[in-house]
Amino acid sequence: MRTIILSLALLFLFACGSDHSKKKVSFNENIRPILASKCMSCHGGVKKLGGFSILTREEALGIMESGEVAIIPGLADSSLLIHLLTDPDPEIRMPQEGEPLSSAEIQLIKNWIDNGAEWEEHWSFIPPQKPEVPEMEGSNVRNEIDHFISERLKEKGLSLQVEQEKTKLIRRLSFDLRGLPPTLEDVESFLNNKSPEAYEQVVDEYLASPAYGEHWASMWLDLARYADSKGYEADRHREIWKFRDWVIGAFNNDLPFDEFTLQQLAGDMLPDADTNKLIATAFHRNTMNNDEGGTDDEEFRVASVIDRVNTTWDVWMGMSFSCVQCHSHPYDPFDHEDYYEFMAFLNNTRDADKPDESPTIPVYTVEQERTRAVLQQQIKQTGTSANSPDQWASLKDSLEKIKPTTLPVMEELTAEERRTTYLYDRGNWLAPGKEVSPNIPGSLTSSKPVTDRLAMARWMIGAQNPFTSRVTANRFWGALFGKGIVETQEDFGSQGMAPSHPELLDWLAVYFREEAQWSIKSLLKKIVMSGAYRQSELVDANLLQVDPYNKLISRSPRLRLTAEQVRDQALAISGLLSSKMYGPSVMPVQPEGIWQAVYNGSSWQTSKGDDQYRRALYTYIRRTSPYPSMITFDSPSREFCVNRRIATNTPLQALVTLNDPVYFEAAEALAEKMKLAGEEPTDQISAGYEMALFKQPTAEILHALSGLYHEASGEAIPENQLISEKADLRENIPPLVLVANAIMNLDAFITK
Amino acid sequence: MNIYNESIFRQAAFNTRRHFIKQMTGGIGALAFSSLMGCNTASEKMMASNPLKAQPAHYIPRAKRVIYLHMAGSPSQLELFDYKPLLEKYDGKDCPEELLEGKRFAFIQGVPKMLGPQYKFAQHGQSGAWVSDRLPHFTKVVDDVAILKALHTNEFNHAPAQLLLHTGSARLGRPSMGSWVTYGLGSENENLPSFIVLVSGGKTPSAGKSVWGSGFLPTIYQGVQCRSEGDPVLYLSNPKGMDKALRQKSIETINNINKKTYNEIGDPEILTRIAQYEMAFKMQMSVPEAMDISREPESVHTAYGTEPGKSSFANNCLLARRLAERDVRFIQLYHWGWDAHGASKEEALDYGFKDRCREVDKPMTALLQDLKQRGLLDETLVVWGGEFGRTPMRENRGGKEMQFVGRDHQKDAFTMWMAGGGVKPGISYGKTDEIGYSGVEGRIHVHDLQATIMHLLGFNHEKLTYPFQGRDFRLTDVHGQIVNDIIT
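Protein chains in written order, with my numbering: chain A, 53 to 804; chain B, 249 to 736.
Hint data in this document are derived by calculation from the structure and do not stem from the laboratory.
One or more of the hints may lead you astray.
When the alpha-carbon atoms are kept at most 27 Å apart in a straight line, the in silico DSS-like pairs for lysine-lysine are as follows [unchecked claim]:
hint, chain 1, residue 1, chain 2, residue 2
1, B, K648, A, K99
2, A, K218, A, K182
3, A, K220, B, K351
4, A, K725, B, K337
5, A, K90, A, K100
6, B, K711, B, K351
7, A, K660, A, K218
8, A, K182, A, K220
9, A, K220, B, K488
10, A, K727, B, K620
11, B, K508, A, K603
12, B, K337, B, K530
13, A, K603, B, K507
14, B, K337, A, K406
15, A, K406, B, K507
16, A, K100, B, K711
17, B, K451, A, K725
18, B, K593, B, K451
19, B, K711, A, K90
20, A, K486, B, K351
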């Protein structure tokens, strides 16, 4: 079999017409993948077996433990590496473990050495340049994005598909931009709008809707590891919802991503720092706190700072920097020291794992802020008239009665208080090594020195950082298409996956930073206006064969709704959803006995009235015991930064949408709405289907749902069953509710 | 062809390269297969086939499943298994300086007093195992177990130590042992989750549900907590007024319409959803049956000390046997309340500790006897223990003598026992120093324990990995030595 593969591989090379005898090879395209997969695990950053490492050119050309040199540029045949790769003795041949390299691979390496063994930086370390947009034409080619996508499709004999059916398109757009289904009116007016700008009008409307900020906040809160509790043992309550509200507001106001970054990483150090910017710094106060008796506060303060380093890198750099905590990076050019130099940026804030979460600032709810403003205005007026001291005193009293809640924030220590940062041997905080000063890693560049947290934040969004613009554009792309152009959204390093469309990624990154001036709304609009986004979801055997995982974007992705969307949709369609925004987190219905953490008397107090029906992102998140139905649909427990959720498809999900009282109540509410559609059950069922999916059911679907209705109403009970017993039971469950529950469990309903 | 197989078949047919390599690798199995497909992501593996399909192991497995009895809070080894006559002699004396040097404690301050064993010890069985009088039932089964006396860990606080033990890392976010096992072994029961968690003692462990979480593994591998009160699995019971037949009809209708959607669109994920709705219905039938202990004969209830309908460790032990019979892969029990510092009556060696011993002694003994009698012990690995050990010194929180007798946390020595599933019966392995403070022989780090458990299940702990954030992660991090001496 192996020979077949080999000959296939050779065949492929020949078929591509490559004369590989002396051809110039690209290090990044041809050589790096071989080294990364076949050699790196023994000859990388951590292990340098035999003193040979291929992490950098300098190391690869260096003298090994044996005193020999493995690679002699220009002289492949004299290079020890080639001898070792081709030695017939399996004891000597490299790689020592695993199959030998194919002759095609060896030939590539030979050519590369003969050509001078030139090194290229890993693609993601080279700042993105705006590439030429390829000339492409086609029916659904609408903007630059489509040119890049079509070019790749064409290579495979494919092209962009026609536009998605309008009702499905607007439904997906609505979920993608604001996390909610469209309203029936939205759909109707879109269908009736014959203007060529009809689609764009809906896009603009959704981008401007307040629900937009709520939707995107969910994504950001996964990265910010936002939760309403401190984590660890007792997992006590934490008051930090004001940060969640800040994120919603920032998205809705389209705060440019550079500002968005600066304020969260160093809002307290900005020259114009105000309350709002301090609230933003709670981003890094979402680290866990340990109140367990007997714990060392310093140990957990250090753990928090380490988490901040890792999170900063996960979010803005898309790099697994956490490896470097214990040792030099095995695959990417980061030293052990780089980690602690970066940590020094974040090691000088006042917080120290104290139970009171100090430092904190007082914050008010939106309603409180309003009342306070009114009172302050009145006091000012009364004060100036100076003739009603009683009234003045009573107003003053009312003002003082409005008690704020506290919000943990970042506060930089003064110059005298600064902590010294040490390198920790193997990442162990009890084994401090040499002292280090703040700096960005040596493999990255900066034209001026980066000395403190604010400077670090500015560097993050500067043009010399090759990562932030790519990582962020990729993240938004991933949110809309189900996977990023770099599928490993969390890893842009050499072990991450290569971009499926490198030029498109760079184009988007530069567009985002320059033309769009870091406007997220502009970036999203550019993407959703593309033909690639708007194409149909249809799949046929050929498409599945050529592009089984839709890496080429040969169709619209069909994705299961997120945990938040599953809940929000059920509430929206049934008419239960509250549109109330902001404020402390709420507790919708959850089964008894879920909260059982130790040493903590707190209990789940189901919210009253409308607060039971708020959007999912307002649901109280306790890290050790998150809201069960959300977890079932893959929402994380927010202990750590999560860069992407992997959607699962499990029986427990079916049980949630079938039986969870929240979802059953939604079915009951939908059934009430269905009743208004007419006397005939078929009219009611048809209306319910349309309310949920915005189109009439086909005759077959209507037939199936009607069958369920009749079964439930007792009309279709088979004769051989005990009629009396069944009819009794079924009196309790209104047939229309059962039908509504079924509609809300259809694949088409939980998928967008 | 059932719909699940059809889904697998369709995926394979659509992806010729995958299909081709699958043919080629033949029996090597999915793990080797995925490593060959270097460019494949885990999510693709998930999509490609039933992720809970049993996968071939690296070695011939000795155990098919694990019943893990975790004693949350950590029982004192010095009052149960690790008999130290010398400590008796030192009782009440100041702790020598050299024992305190370089040590960090949770609560001990200044110079504490040594504390002798609080209960009488005797040797039992053919093996002559030392067991204290707190576990009279257990003394009857000592010849079936291996008592491991020199476990050690890196953490001396509950939450991090529990995480290290169950997930291989002291910080949150890693998959639990049960998740790894489920990921590696898949499921052998189509009607039940393959990783089931049962909690008693009124509280979940300190580290919360993360100890049975799936971390960065897909959530399909996380532990499913079954409860002996209320719905045994969340949202398992139908809404009031809906009978089985009607639920069946409703799922049939949903699946019927989904099948039409599949025919129209061709997305294979729809087939998985159809299968999962079928599984949900099967679970509705089989979980309540598996979790219903009321029909067990009286003799069984007497042996375990069970009371149907209540939440207790005894009930959970009996449930563990029932789940083992039904081929659940990883059955994780937690019993809370072992943290005997002496700070309160409930947390004292002279009070609460005695109650805990009573609560576990009879049922865990009955579980071993029952498994053995049913021929299940050979293929079921039973593991018992806490997350760390207790100090040979008496705790003196705040530098003062406390009202009740207790011991502080310590990480350098504690006792666990294992039985069945390829473990040597009737042995004591490892030794601690004369006061039971540190292991001196046969030390087993918690990572070694994990490596050994994985080995007994047929997996090389270094090879069962999952890519996350740029590297391949495994349960044992970068550590773990198999303890071959305790394997038959």
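Practice item. Would you list, in rising numerical order, the hints stated earlier that this structure does not obey? Key: 1, 2, 3, 4, 6, 7, 8, 9, 10, 12, 14, 15 and 17
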